[in-house]
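2 protein chains.
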Amino acid sequence: MNKARIALLAAACLFATTALAGNSAKEEANKKLVTEFYEKVLNQKDVAAIDRYVGPYKQHNPMAPDGAEGLKGYIGYLKENSPQFKAEIKKVLADGDFVILHVHAVPAPGARGLAIVDIFKVANGKLVEHWDVIQEIPEKAANNNGMF
Amino acid sequence: MNKARIALLAAACLFATTALAGNSAKEEANKKLVTEFYEKVLNQKDVAAIDRYVGPYKQHNPMAPDGAEGLKGYIGYLKENSPQFKAEIKKVLADGDFVILHVHAVPAPGARGLAIVDIFKVANGKLVEHWDVIQEIPEKAANNNGMF
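If you read the protein sequences in the order shown, they are chains A and B.
Mind the numbering: the first sequence is residues 1 to 148 in my numbering, read in order.
Mind the numbering: the second sequence is residues 1 to 148 in my numbering, read in order.
Honestly, the hints are just simulated from the structure, not real lab data.
No experiment lies behind these values; they were computed from the predicted model shown.
In this text, a Cβ means the ideal position worked out from N, Cα and C, and glycines have one as well.
Treat the hints with caution; some may be incorrect.
With beta-carbon atoms standing in for the labels, derived distance ranges [claimed, not checked]:
| # | chain 1 | residue 1 | chain 2 | residue 2 | range |
| --- | --- | --- | --- | --- | --- |
| 1 | A | GLN84 | B | THR35 | 37 to 43 Å |
| 2 | A | ASN43 | B | GLU139 | 29 to 35 Å |
| 3 | A | ASN43 | B | GLU28 | 18 to 24 Å |
| 4 | A | TYR77 | B | ALA25 | 42 to 48 Å |
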């Protein structure tokens with residue numbers, strides 16, 4: 001092995017470890033997929049876009065029927081009954097196949113709204129499973145830090 | 001550079017990339033710290049252990065006063081009023097300084113209980129910031145998947 005080859009091996013090693021030091025390329029791609037889905041589907045309420053982002057979909061939100069069809073029904077309901085519903089993503093975190101969103105959702109401008117954490121599982125470039133926890137933001141709090 | 005040295009360099013490179021392919025060493029350490037804290041403080045209600053795990057502590061749970069003292073007060077209250085409170089960690093995820101726990105908490109055996117997501121920020125080996133979202137698990141659900 002000559003010096004040029006050794007330098008190349010060292011550079012490849014450096015690149016691989018640097019790329020993986022924060023999020024891996026897969027985690028970055030998953031974050032991008034989930035945040036795009038959230039903007040397009042939840043905020044723009046584009047029911048037709050759901051099949052682009054969602055595969056066979058296991059739903060754990062107890063209010064929603066299972067599968068992509070259940071999600072389509074929910075977004076259709078939102079569009080009809082809560083057209084001003086807006087979700088602002090406060091944090092995007094990823095670990096392997098999981099993407100976690102910390103979200104402030106308001107049903108209409110000026111409302112205190114809801115604190116939400118969504119967890120999505122991604123497989124083969126599609127969202128395949130979803131869990132969430134939802135809490136109304138209370139009027140008064142025991143500290144001055146806000147919920148986000 | 002002889003063959004032995006080249007093999008050593010290649011092995012070191014392989015080790016570094018493998019170690020970082022999932023969680024980094026820091027993320028693994030953060031997961032361990034947070035899950036130990038959760039077991040010791042939330043489940044065993046060991047108020048005296050809090051200072052071992054918690055640094056200057058910014059609290060975003062709207063029910064709890066700010067700081068480590070607020071957390072001590074909350075755990076003391078739990079010990080007194082809800083001694084059978086038990087939190088089962090369902091998922092542990094990490095991204096950089098953040099650790100995310102998906103938790104099923106029950107105030108007493110047999111209760112349906114609460115779905116919780118906790119997000120902790122870790123700095124210098126201590127928990128320094130906390131957000132959570134808490135939802136009562138409903139009696140009936142629109143799907144059969146459960147909340148976890």
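Notebook entry, point to check: Going through the earlier hints one by one, which of them does the structure break, listed in rising order?
Noted result: 3
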